[in-house]
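Q: The primary structure of each chain is shown beneath.
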Amino acid sequence: MRVKVKPLECTGCALCELACGYHRDEAFSMISSSVMLYRAEEKKGYMGVIVKTAEDLFIGKPEGAAAMKLGELQKEGASGGASAKPILVREACDMCESAGLEPQCVAICPQKALYLE
Amino acid sequence: MDFMYYGDILVVDLEAGTTEEVEIDEAWEAGPVLPAALELFDKHAQDDPLIFGSGILTGTTAPASCLGFALGASPITGGPAVAPLNLFAGAEMKLSGFSMVLIKGNSPGPVYLWLHDGVADLVDASRITGKDTWQTCDAVRDEMGEQLIQVISIGPVGEAKSDLASFSINYWGSGDNAALGALMGAKNLKAVALRGLGMIDAEDPEEFYNRTMGLLPGLPSEKSFDWAFEGLGEGGLDAWLGPLVHRYRSCFACPCACNTFVKYNEDPAVMGSDGVQEPGLMVTNPAAALWLGQGGWSPEGASRAMEAMARAGVDVVRGSREISAEPLEAPGEIAAAVEALTGPAEAAWPPGEGPAEGGIFGPWTPPSSSGDRWLEVNRAAYVLGVCPLFLAASGVEREDLLELCVPAAGIKLDAGGIKEMFDRARA
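For the record, the sequence lines run as chains B and F. Using our numbering, the letters of the first sequence correspond one by one to residues 1 to 117. Using our numbering, the letters of the second sequence correspond one by one to residues 118 to 544.
Bound-form chain B, shown alone (with noise of 0.2 Å):
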């Protein structure tokens, strides 16, 4: 089971970031989040969603769906976004388990964009 990410369902409301951002740290923030939000190409109007795991990323971008392992990534160079704090340096996804709940970015979704399977 993990968290994967309908691209096209996504309207960029950037809730997951906040909920898995509570999750780390008990405050409002998104720089912890194991889910980030790709606006960094906002004039195209393109948008997508990156789940950080321990093995690989998953990469919803809305042109297709697709997870990526790490290793791969950082031999291509590849930062994970455009943030100031890229996805790849963030801890992994732990599916909201030590907080014992179920994965707080699926839960708040209101668009079902992201989902378990």
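Derived by calculation from the structure, the hints in this document are not laboratory data. Note that this is a predicted model, so its numbers are computed, not measured. The beta-carbon is built from N, C-alpha and C at its ideal position, and this holds for glycine as well. Honestly, I wouldn't trust all of these hints.
Derived contacts from chain B toward chain F, CB cut-off under 7 Å, selection only [as the list claims (entries may be wrong)]:
#1 G12
#2 A14
#3 L15
#4 E26
#5 S29
#6 A40
#7 K43
#8 K44
#9 Y115
Derived EDC-like pairs: lysine to aspartate or glutamate, alpha-carbon spacing no greater than 20 Å straight-line [to be verified]:
#10 B:K43 x F:E383
#11 F:K278 x F:D164
#12 F:K221 x F:D238
#13 B:K69 x B:D94
#14 F:K536 x F:E514
#15 B:K61 x F:E395
#16 B:K43 x F:D255
#17 B:K43 x F:E260
Some residues of chain F that are not near chain B, with every Cβ distance over 10 Å (derived) [what the hints assert, rightly or not]:
#18 V236
#19 P322
#20 D343
#21 S415
#22 E446
Go by the hints and put chain F onto chain B.
A: Then chain F, alone, in the frame of chain B:
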């Protein structure tokens, strides 16, 4: 207020080129956020202040908590007027590390204000003077090396201090219907750039978070405009824009997505990012689209006109109203029509949509209720930091949101108390 904010109020003296942080306690005497800003506005009236801030819940998991504000003397009304900071700008305002930003006086040369992680810098803007808002946004982001910076900027129309000026948020038209863009132009303030990686603490975070999670299942999660607006007959605004629609976008933390990205320089069905650099526009002002649609414009012509206005820094709503009667199709003709708006046009607040009592809140969105109701919704929305449109149209119980202020910041609020705060601040 110890929770939901951090840092002090930033006072920017543009004439002296200085920034100073002052403690917030005194400023909160009038009440939180916007009422406090109104009091500061009066206190510093001789310095022609422009104030930026956010609401109590802005930047949290509270639904639609995207809202911040700009407050200044409107060149149109002559009195204080509020413009919304929506999309991601309101949340970024709070995360930038300042509870409120008071900008005094006029700069001798063009500058932009760069707020990031509790640091404030005035940056020379000579290089971007005369640029449109799209070029300005790109230049600021490139200069600071961060593509997620939120850029509140003016174009040539704001620099010319036209009554039709409006600030844009990143590339898109804002709800500045009060010509605060012209006020920025008068101040030689080309932009305010925001980026923050901070954390917002709640007084009782678990209670706050659980309550917000409890609210979400009962709320609408609509995409497009028509859940909130009526207009353009059968099928509404969505059917009219339909052939161009690429995707729908939410503002920060909003379950609904009433910003519509339309493509007209590329097939709207293209989902990749390797096509044209500027495929279209995010329609953020449904009132503007309604003016143009009702005037007989095609969706493509209207979208091109809205893009031209957002780029130039023309208020997209009032500008659309000005040109609505003569539909155009050719990009060159549309550009010329928008260019013709860039002079010192007469631009009264649209009749019938004028500012409600006191003249503070403008017609950001099409009027969907009486003036009194709109005023009441706006008062609560700006104190809470929740989109007024969402508050008015979603069916969310305002009391539920007001009650969130207790676990958020230990503040008990009700509608009557909020009205009193505004009355006191305006007295």
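Q: Are the hints correct? Go through all of them and say.
A: Structure-based check of all given hints:
no.: 1; hint: G12; in the structure: holds (5 Å)
no.: 2; hint: A14; in the structure: holds (6 Å)
no.: 3; hint: L15; in the structure: holds (6 Å)
no.: 4; hint: E26; in the structure: holds (5 Å)
no.: 5; hint: S29; in the structure: holds (4 Å)
no.: 6; hint: A40; in the structure: holds (4 Å)
no.: 7; hint: K43; in the structure: holds (6 Å)
no.: 8; hint: K44; in the structure: holds (5 Å)
no.: 9; hint: Y115; in the structure: violated (15 Å)
no.: 10; hint: B:K43 x F:E383; in the structure: holds (13 Å)
no.: 11; hint: F:K278 x F:D164; in the structure: holds (17 Å)
no.: 12; hint: F:K221 x F:D238; in the structure: holds (15 Å)
no.: 13; hint: B:K69 x B:D94; in the structure: holds (17 Å)
no.: 14; hint: F:K536 x F:E514; in the structure: holds (18 Å)
no.: 15; hint: B:K61 x F:E395; in the structure: holds (19 Å)
no.: 16; hint: B:K43 x F:D255; in the structure: holds (10 Å)
no.: 17; hint: B:K43 x F:E260; in the structure: holds (17 Å)
no.: 18; hint: V236; in the structure: holds (13 Å)
no.: 19; hint: P322; in the structure: violated (5 Å)
no.: 20; hint: D343; in the structure: holds (15 Å)
no.: 21; hint: S415; in the structure: holds (20 Å)
no.: 22; hint: E446; in the structure: holds (23 Å)
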